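**Student:** Work out the full structure: start from the sequences and follow the hints.
Heads up: the protein sequence lines correspond to chains Z, D, L, F, V and W, in order.
Just so you know, we're using the UniProt record's numbering here: the first sequence kicks off at 1 and counts up by one.
Just so you know, we're using the UniProt record's numbering here: the second sequence kicks off at 1 and counts up by one.
Just so you know, we're using the UniProt record's numbering here: the third sequence kicks off at 1 and counts up by one.
Just so you know, we're using the UniProt record's numbering here: the fourth sequence kicks off at 1 and counts up by one.
Just so you know, we're using the UniProt record's numbering here: the fifth sequence kicks off at 1 and counts up by one.
Just so you know, we're using the UniProt record's numbering here: the sixth sequence kicks off at 1 and counts up by one.
Treat the hints as calculated values from the structure; they're not laboratory data.
Among the hints, erroneous ones may be present.
Intra- or inter-copy, both count: the list cannot distinguish identical chains.
Below, a list of computed lysine-lysine pairs in the DSSO-like style, where the Cα atoms sit at most 27 Å apart [to be verified]: (1) K187 x K241; (2) K60 x K187; (3) K180 x K60; (4) K60 x K121; (5) K187 x K96; (6) K180 x K99; (7) K187 x K99; (8) K203 x K96; (9) K180 x K203.
Computed from a predicted model, the values in this text were never measured in an experiment.
6 protein chains.
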Amino acid sequence: MNKNIHTFIGCDNSYEDSRIVIFGAPFDSTTSFRPGTRFASAAIRNESFGIETYSPYQDKDLLDYNIFDAGDLELPFGNPERALHDIEAFVSEILKAEKVPFMIGGEHLVTLGAVRAVAKKYEDLHIIHFDAHADLRDDYLGVTLSHATVLRRCHEIVGDNRIFQFGIRSGEREEFLWGKEHVTTCKFNFASLDEIVKQLAGKPVYFTLDLDVLDPSVFPGTGTPEAGGVTFVELMEAVSKLSALNIVGLDMNELSPVYDQTGASTALACKSLREILLYINQ
Amino acid sequence: MNKNIHTFIGCDNSYEDSRIVIFGAPFDSTTSFRPGTRFASAAIRNESFGIETYSPYQDKDLLDYNIFDAGDLELPFGNPERALHDIEAFVSEILKAEKVPFMIGGEHLVTLGAVRAVAKKYEDLHIIHFDAHADLRDDYLGVTLSHATVLRRCHEIVGDNRIFQFGIRSGEREEFLWGKEHVTTCKFNFASLDEIVKQLAGKPVYFTLDLDVLDPSVFPGTGTPEAGGVTFVELMEAVSKLSALNIVGLDMNELSPVYDQTGASTALACKSLREILLYINQ
Amino acid sequence: MNKNIHTFIGCDNSYEDSRIVIFGAPFDSTTSFRPGTRFASAAIRNESFGIETYSPYQDKDLLDYNIFDAGDLELPFGNPERALHDIEAFVSEILKAEKVPFMIGGEHLVTLGAVRAVAKKYEDLHIIHFDAHADLRDDYLGVTLSHATVLRRCHEIVGDNRIFQFGIRSGEREEFLWGKEHVTTCKFNFASLDEIVKQLAGKPVYFTLDLDVLDPSVFPGTGTPEAGGVTFVELMEAVSKLSALNIVGLDMNELSPVYDQTGASTALACKSLREILLYINQ
Amino acid sequence: MNKNIHTFIGCDNSYEDSRIVIFGAPFDSTTSFRPGTRFASAAIRNESFGIETYSPYQDKDLLDYNIFDAGDLELPFGNPERALHDIEAFVSEILKAEKVPFMIGGEHLVTLGAVRAVAKKYEDLHIIHFDAHADLRDDYLGVTLSHATVLRRCHEIVGDNRIFQFGIRSGEREEFLWGKEHVTTCKFNFASLDEIVKQLAGKPVYFTLDLDVLDPSVFPGTGTPEAGGVTFVELMEAVSKLSALNIVGLDMNELSPVYDQTGASTALACKSLREILLYINQ
Amino acid sequence: MNKNIHTFIGCDNSYEDSRIVIFGAPFDSTTSFRPGTRFASAAIRNESFGIETYSPYQDKDLLDYNIFDAGDLELPFGNPERALHDIEAFVSEILKAEKVPFMIGGEHLVTLGAVRAVAKKYEDLHIIHFDAHADLRDDYLGVTLSHATVLRRCHEIVGDNRIFQFGIRSGEREEFLWGKEHVTTCKFNFASLDEIVKQLAGKPVYFTLDLDVLDPSVFPGTGTPEAGGVTFVELMEAVSKLSALNIVGLDMNELSPVYDQTGASTALACKSLREILLYINQ
Amino acid sequence: MNKNIHTFIGCDNSYEDSRIVIFGAPFDSTTSFRPGTRFASAAIRNESFGIETYSPYQDKDLLDYNIFDAGDLELPFGNPERALHDIEAFVSEILKAEKVPFMIGGEHLVTLGAVRAVAKKYEDLHIIHFDAHADLRDDYLGVTLSHATVLRRCHEIVGDNRIFQFGIRSGEREEFLWGKEHVTTCKFNFASLDEIVKQLAGKPVYFTLDLDVLDPSVFPGTGTPEAGGVTFVELMEAVSKLSALNIVGLDMNELSPVYDQTGASTALACKSLREILLYINQ
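**Tutor:** Structure, rendered in structure tokens:
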């Protein structure tokens with residue numbers, strides 16, 4: 001008898017054969033408002049068996065691709081620096097094997113660990129950032145490593161004009177003022193995405209998707225519901241455009257399964273994961 | 001038939017005077033993912049007293065029509081074949097009295113019982129099917145009578161080119177491949193509905209509405225939340241077009257009240273039931 | 001007036017300096033369907049610290065304005081007439097100081113207390129009413145002071161052609177028939193709002209916002225979920241137009257926090273409150 | 001009286017044949033803390049089909065007795081005096097037919113309506129009161145008809161030394177001080193019940209059971225959870241002793257089904273109702 | 001990199017080395033009242049990482065024993081006979097390897113599959129049954145394979161005086177009457193357990209634990225909450241006595257995780273599983 | 001110190017007049033399993049208005065004592081060391097004014113901040129610890145400042161034989177082994193409390209109450225539900241015995257209000273807080 005193996009649906013290929021490596025980063029201890037994102041990756045694996053491997057949107061099937069699900073990292077609660085270090089090490093190992101890391105957060109801070117690793121390998125790294133929040137504070141309640149500062153920290157690594165934000169509809173005045181000087185922000189929607197995609201053709205891109213870019217009506221399972229977000233169809237259209245880019249690493253974060261007891265948010269995350277996997281496997 | 005004193009609001013007319021007969025089919029034991037639809041008809045009756053009998057959309061009032069609510073069938077849990085048999089017998093009785101049966105599921109499998117009865121009376125029966133899922137599998141985990149196979153079973157009764165699906169956004173690759181040969185599928189929305197309605201003018205039509213065709217944001221009370229669905233207004237527009245058809249039987253299914261503790265899904269089902277009753281009473 | 005230390009975010013100015021005075025009217029004992037609105041004002045204050053004071057929509061910040069939050073009135077449960085009397089007295093005091101009262105309900109009946117006070121000061125008062133329900137019944141289960149009769153009672157104060165309703169999508173036939181003679185009703189949306197705003201230029205206007213004008217998908221936290229409502233963006237566009245008017249009093253009501261355990265409804269109410277405060281502070 | 005087809009399990013006998021008449025009094029608009037008891041009687045009927053008619057405790061079966069379930073009264077929200085009047089009229093009718101009224105609340109205030117009727121028929125009426133709260137205030141927030149004053153109002157009808165309270169573990173100091181002079185209070189448990197039952201032998205007794213006398217662990221479905229209550233077994237032992245008395249009317253109140261989404265509180269209420277019916281049918 | 005393996009905490013030994021084999025039987029389609037037990041085994045694995053492997057009750061640690069967790073069977077929804085067949089086959093395989101099967105239900109019907117296999121190997125099989133419900137009906141709504149008939153079906157296999165029930169507090173009159181002739185029933189508690197354990201010394205025993213034997217206050221996560229049950233400490237004391245027996249197979253069933261959103265029921269099931277594993281590993 | 005207008009009921013005295021100072025320490029970022037304790041102090045204040053100031057258990061009333069509620073500390077998420085520093089500073093200030101600090105957590109780690117301050121003032125400090133968990137690990141996932149290590153850290157301050165634990169029913173084997181050498185542990189209950197209280201007569205004692213010492217049935221609102229705990233009455237009896245001691249500081253922690261949507265856990269915490277305040281104000 002074999003041991004019980006637990007993966008995202010259709011992602012049970014061997015590590016060697018796979019170009020994409022999924023893993024969970026269940027960390028949420030800096031979350032300010034309502035925690036719970038640490039349960040996201042486990043919930044996504046469990047619920048993935050409620051969706052199909054086939055996408056009628058793309059007429060493609062996960063079963064036709066090789067994807068490895070490495071399970072979850074064991075991250076120390078209450079120690080963001082060490083958690084980021086562990087994430088960076090794991091992503092570096094994946095990159096060394098010439099594979100694409102796809103991290104499932106956790107809170108948004110986990111992105112920093114991955115970006116540190118990816119930026120070491122790819123000198124001219126650009127970041128595409130879908131989110132409701134600017135995440136550009138310099139510190140948050142005196143803490144510099146936080147979900148609310150994560151893109152500011154990423155900016156310290158990749159520099160000016162390398163970060164492109166979409167869907168942003170919340171932040172302090174100072175974040176928007178600072179942002180005007182250092183990053184490109186498309187407020188509320190994806191209006192300028194076509195243009196940015198053209199501009200980034202051929203360059204290495206890290207894609208970070210904070211699922212709260214979605215309207216809370218379609219994605220209530222998040223600690224910071226922010227009215228006025230995009231629809232699922234709008235998000236998928238935007239994601240489809242990213243398939244033209246050279247995505248060298250990516251993440252999806254901020255699902256808090258326990259905040260949506262209907263299960264709709266987790267189901268949406270599963271479907272989004274399937275669609276993104278199929279888009280970047282062009 | 002005796003009156004069920006506990007009726008849907010405004011549907012307390014006598015059986016003899018009524019052209020439409022509502023009844024509940026509280027059966028859900030083949031549901032794969034998350035059961036609970038067996039509570040739908042009771043919840044709809046209870047909550048119907050929170051809505052009005054008057055529709056400002058149509059400027060019509062349920063009080064001006066004769067509708068009979070026959071209560072719920074007592075169906076055996078764990079015995080799909082017998083449950084379908086009981087449904088078929090009950091629908092046949094309604095049809096014999098020259099009335100239109102309107103069944104409240106239950107899981108989608110209950111449709112098969114009704115279609116068996118309706119197809120016996122109407123030789124050239126067509127089916128209009130609103131759903132998120134194709135429901136065209138030949139079997140599901142080795143079981144042939146299942147919510148996931150129900151339209152495939154209906155096809156065995158009505159034959160090729162008699163089933164018209166709308167809003168479908170989930171299914172296995174095989175279902176879509178098979179569907180291309182045998183049924184007409186309009187993916188994601190109602191784009192081709194006008195044309196189909198013209199085509200079916202005068203023909204007997206059974207209408208089956210799986211409420212999960214709606215987006216989970218407007219209808220979270222379902223066991224299989226599938227992102228990317230239609231809005232309530234889009235659904236009502238589509239339903240309004242059906243009033244041009246000769247609807248000889250219909251059902252509404254897959255509400256799971258317990259999965260939406262806000263009550264919004266049940267309230268929507270009540271309102272949809274009122275609107276559909278008024279549209280088909282043209 | 002003494003300060004309530006526990007305020008809505010950014011509304012901790014002194015009474016003397018403030019042009020707008022927020023207060024809670026936690027009353028819901030006539031609510032027919034599912035009570036809970038009495039918890040709204042406390043929830044809004046608590047959760048307001050989860051949003052920012054800055055609006056990226058208007059590029060304005062609450063910190064640049066003086067607003068006083070007077071806390072909640074203590075209202076007797078089960079005694080609507082006395083509750084309305086206490087609300088009227090409190091609003092009169094605010095008006096005497098030449099300030100604008102902004103009441104947070106509570107069920108919609110609380111509007112009557114405020115309108116009584118405002119109509120005494122402003123002779124030619126007009127009312128703009130956003131709601132899913134007409135609220136024009138003469139009585140409800142034999143009771144004349146009820147959330148379902150509140151605009152009818154307001155009509156007795158301000159008279160014919162002074163009430164303008166938007167977004168209405170539910171009511172008895174009689175309410176709509178009566179309404180045609182006495183008030184202006186824009187069903188389902190804000191189509192005629194531009195025109196009405198022009199018409200009311202310079203006149204004193206009371207604005208009452210029943211949050212259930214929103215679709216239950218974006219605002220499930222209400223006792224009477226009514227499908228087919230407006231989106232948050234549509235509501236904000238409508239509200240922005242009101243900034244051209246002379247708003248002399250206003251309220252926001254019918255949030256029932258406990259019915260939306262995701263917190264999204266309360267968060268939306270907080271954000272709406274911020275946006276309205278910034279729009280009327282032009 | 002007409003039959004209500006939707007009855008408590010096993011209580012579908014005719015009015016004429018029945019000695020006990022169950023009815024619902026779905027009223028809760030004076031509830032101070034968290035409303036919801038108006039849904040109790042409907043929930044109890046619905047869920048009663050999840051229990052058996054047979055009691056292994058008493059080796060008796062509801063099917064061997066004649067009990068009539070009259071359905072729910074339609075009571076006006078927001079008008080306690082009229083609601084009490086309607087209850088009194090209905091109870092008087094039952095008493096005139098020499099039957100025993102068994103009312104399902106609703107909030108505890110409904111007891112006053114029944115006691116008014118019962119005290120008119122039985123001169124020397126005594127009241128046995130199981131509750132967590134003394135309910136002996138003279139007024140509550142200036143209101144005299146309230147769940148918090150109901151036993152004080154009953155005392156005005158039956159006079160000194162006629163009320164016997166058990167399980168009381170919450171109240172203002174003034175209530176306990178007043179109570180020492182006018183009623184008999186057994187704090188926390190049923191220690192003195194045997195003695196009181198002896199004392200009341202042969203006298204007419206009204207029994208009012210506020211289910212929050214139970215510990216919130218076994219009965220969380222209540223608006224005022226008060227730690228330190230009795231267990232289900234202790235309650236049933238106490239109830240069994242009442243079978244020695246001449247119970248001429250009774251009620252069970254303060255279940256708020258929506259506050260216990262596990263359903264355990266409603267199920268307990270159903271089981272308690274069955275057991276009480278069997279005990280008083282000695 | 002290794003694939004993600006998912007077991008109950010401390011049960012990640014190899015099949016060969018293990019004397020006990022845990023597996024999940026996620027089947028619930030005959031459940032009459034409220035389904036959901038099919039999610040139990042997955043929830044127990046997930047949440048097991050919130051408890052310790054060490055028991056301060058027994059001063060023993062799961063890490064000192066070899067236990068294999070085989071994951072979940074894939075069982076066909078809506079086909080009880082086939083599901084039972086698959087369970088029987090799997091249990092037979094475990095028994096052939098001279099190991100002890102420990103099944104995690106699922107609804108109680110799954111016990112029948114295991115008992116069929118165990119009774120084939122052990123001629124003189126006895127069954128110890130902890131439950132709130134007698135489960136002795138001959139049929140339930142016309143269905144013979146049901147959670148409500150499962151011990152009656154087991155009786156057909158093992159015969160008279162082989163089944164010993166404890167904690168039973170619900171059932172139809174007919175079940176108790178039939179039971180008196182054919183099985184031994186200890187109502188409400190474990191009063192006669194010591195004696196029965198002595199009597200069964202040395203004989204092969206199957207132990208089936210329906211967790212609803214517990215009071216709903218400590219175990220609300222079940223579809224049929226039945227007040228008046230045993231405490232966790234009482235259950236553990238009873239289980240400790242079973243360590244004197246020759247347990248050749250066992251199961252734990254009827255956890256419905258979704259009905260207890262506090263997670264306490266699942267946590268209790270995890271802790272019970274640990275304690276039982278340690279007791280039977282004497 | 002300035003008054004926090006939003007206080008626990010009956011605790012609105014001036015700082016100067018008060019012997020006891022309540023304050024909240026809303027910190028939970030090292031919580032391993034399910035966070036949420038940071039919302040405890042706010043919830044306790046809000047819900048305290050649902051209980052009375054009078055205790056029928058002690059026949060005492062909070063209104064007869066002077067207690068100051070200082071509101072909540074603002075603690076940095078994700079920075080345990082700084083949070084502990086801020087707590088220590090605040091407690092030191094209270095102690096310097098010769099008052100008794102009563103901290104409302106937050107997760108259990110906050111105790112360390114208070115103990116650091118108290119141990120500086122009282123040389124021979126003893127600690128009484130009620131808890132389900134030993135909390136004696138040396139580190140937890142590599143982190144030394146954690147809710148799971150807090151009593152180990154306290155031991156480093158107060159030394160051997162100064163810590164007395166009660167109700168412990170969970171921990172790793174190593175914790176219990178280490179504990180035998182350095183602390184006194186009473187497993188499962190309060191059996192040895194009388195004796196310990198005698199032993200500590202006259203000595204300065206810090207009392208830390210982890211509310212999860214209670215059984216999850218009476219206190220489900222916690223992130224780590226551990227079956228087999230004490231009842232509310234048992235806890236109150238134990239607390240009453242502490243009134244004989246010289247309590248120089250205390251805390252109550254680990255309430256997670258969002259995990260118990262019935263509100264019973266928060267209500268129990270409010271009642272416990274009232275009772276403890278009255279016991280230590282002998």
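**Student:** Each hint: holds or not?
**Tutor:** Quick rundown of the hints versus the structure:
Within a single copy, K187 and K241 get their C-alpha atoms as close as 18 Å, and across copies as close as 21 Å, so both meet the 27 Å cut-off. For the homomeric pair K60 and K187, the shortest alpha-carbon distance between copies (15 Å) is at most 27 Å, but the shortest distance inside one copy (32 Å) is not. For a Cα distance limit of 27 Å, the shortest separation of K180 from K60 across copies, 16 Å, qualifies, whereas the shortest one inside one copy, 40 Å, does not. In this assembly of identical chains, the alpha carbons of K60 and K121 never lie at most 27 Å apart, being 31 Å within a copy and 41 Å across copies at closest.
For the homomeric pair K187 and K96, neither the shortest alpha-carbon distance inside one copy (36 Å) nor that between copies (41 Å) is at most 27 Å. Taking identical chains as interchangeable, the C-alpha atoms of K180 and K99 are never at most 27 Å apart, the minima being 34 Å within one chain and 37 Å between chains. Within a single copy, K187 and K99 get their C-alpha atoms no closer than 32 Å, and across copies no closer than 34 Å, so neither meets the 27 Å cut-off. For the homomeric pair K203 and K96, the shortest alpha-carbon distance inside one copy (19 Å) is at most 27 Å, but the shortest distance between copies (60 Å) is not.
Only within a single protomer do K180 and K203 lie at most 27 Å apart by alpha-carbon distance; the minimum there is 23 Å, versus 40 Å between protomers.
Hints 4, 5, 6, 7 from the list above are not met by this structure, while the remaining hints are.
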